[in-house]
Amino acid sequence: MPLAPWAIGSLVECVNRGLAGGAELAPETGRAKLESGPTGKGEPRPDELGPSYAFRLAVAGVSPRFLRTIVEHLAASGAPHPVRAISIVGTLPPDGGPLSVREGDLARWLDNADAYPGAWGTPGFPVATKAIPRGATVKVTLASARVDDVAAELEETFSTWQDAVLTYPDAKLRGRGVMDPHGSFARTQTDFYAKVGLFDHARGPTRRALVNALAGFHARVARIASVEIAMP
Numbered sequence: 005m006p007l008a009p010w011a012i013g014s015l016v017e018c019v020n021r022g023l024a025g026g027a028e029l030a031p032e033t034g035r036a037k038l039e040s041g042p043t044g045k046g047e048p049r050p051d052e053l054g055p056s057y058a059f060r061l062a063v064a065g066v067s068p069r070f071l072r073t074i075v076e077h078l079a080a081s082g083a084p085h086p087v088r089a090i091s092i093v094g095t096l097p098p099d100g101g102p103l104s105v106r107e108g109d110l111a112r113w114l115d116n117a118d119a120y121p122g123a124w125g126t127p128g129f130p131v132a133t134k135a136i137p138r139g140a141t142v143k144v145t146l147a148s149a150r151v152d153d154v155a156a157e158l159e160e161t162f163s164t165w166q167d168a169v170l171t172y173p174d175a176k177l178r179g180r181g182v183m184d185p186h187g188s189f190a191r192t193q194t195d196f197y198a199k200v201g202l203f204d205h206a207r208g209p210t211r212r213a214l215v216n217a218l219a220g221f222h223a224r225v226a227r228i229a230s231v232e233i234a235m236p
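All residue numbers for the sequence shown refer to this note's numbering, where the first residue is 5 and numbers rise by one.
FYI, nobody ran anything at the bench for these hints, they're computed from the structure.
Ranges between beta-carbon positions, derived for each pair:
{"#": "1", "residue 1": "ASP153", "residue 2": "ARG88", "range": "44 to 54 Å"}
{"#": "2", "residue 1": "PRO86", "residue 2": "ARG49", "range": "17 to 27 Å"}
{"#": "3", "residue 1": "SER148", "residue 2": "SER104", "range": "38 to 48 Å"}
{"#": "4", "residue 1": "ALA80", "residue 2": "SER104", "range": "18 to 28 Å"}
Here are the simulated BS3-like pairs of lysine-lysine, each with C-alpha atoms no more than 25 Å apart in a straight line:
{"#": "5", "residue 1": "LYS199", "residue 2": "LYS143"}
{"#": "6", "residue 1": "LYS199", "residue 2": "LYS176"}
{"#": "7", "residue 1": "LYS176", "residue 2": "LYS134"}
{"#": "8", "residue 1": "LYS199", "residue 2": "LYS134"}
For glycine and all other residues, C-beta sits at the position ideal for the given N, C-alpha and C.
Work out the full structure: start from the sequences and follow the hints.
Below, the structure is given as structure tokens:
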């Protein structure tokens, strides 16, 4: 089964849910659409089975550091076979500014365990954090909307965050992290709870990504009053 189209579809969803803007761009500005290339949906056509793929995306609101996430996801999509080459052509300026990126920048980011998209400075709600022995949990308290009305959106936001951090390093920075692929959810009228029993990822970049995703939800779907995140 070809994984590259699935990886591209997952990355498009990450952009649309606010996981690509980083510290430079507000999460709700993220927009992505696959304009051409295999979708990974239905039975693949012969030309969708590789070994080479070409995708054209229309994107907005993407931090340069999200390119690292794109490269890592595509590099993993060849498993069990190695990906031989990845070429990305886009419109980010090479002028050394905050939205600039060159090949040397990407190479440095790939060697830095923390060089993933940064945190948007004004998510719009307070975030409390605490350490727990294992797993990861998040509690989202809404300002006024009923959780029942937006629970599906919250679940998709959490699941998309899981996809986004799939290639992030483990807590000890010795290799790729792991997480339960499916979260468990619970809710009251005003509170939404998500939990994964297995979670071994570097706390800083994964927590930044989760807050950015929730900031996108806050701006697009329903206002959040507060967020509590617990990780090892």
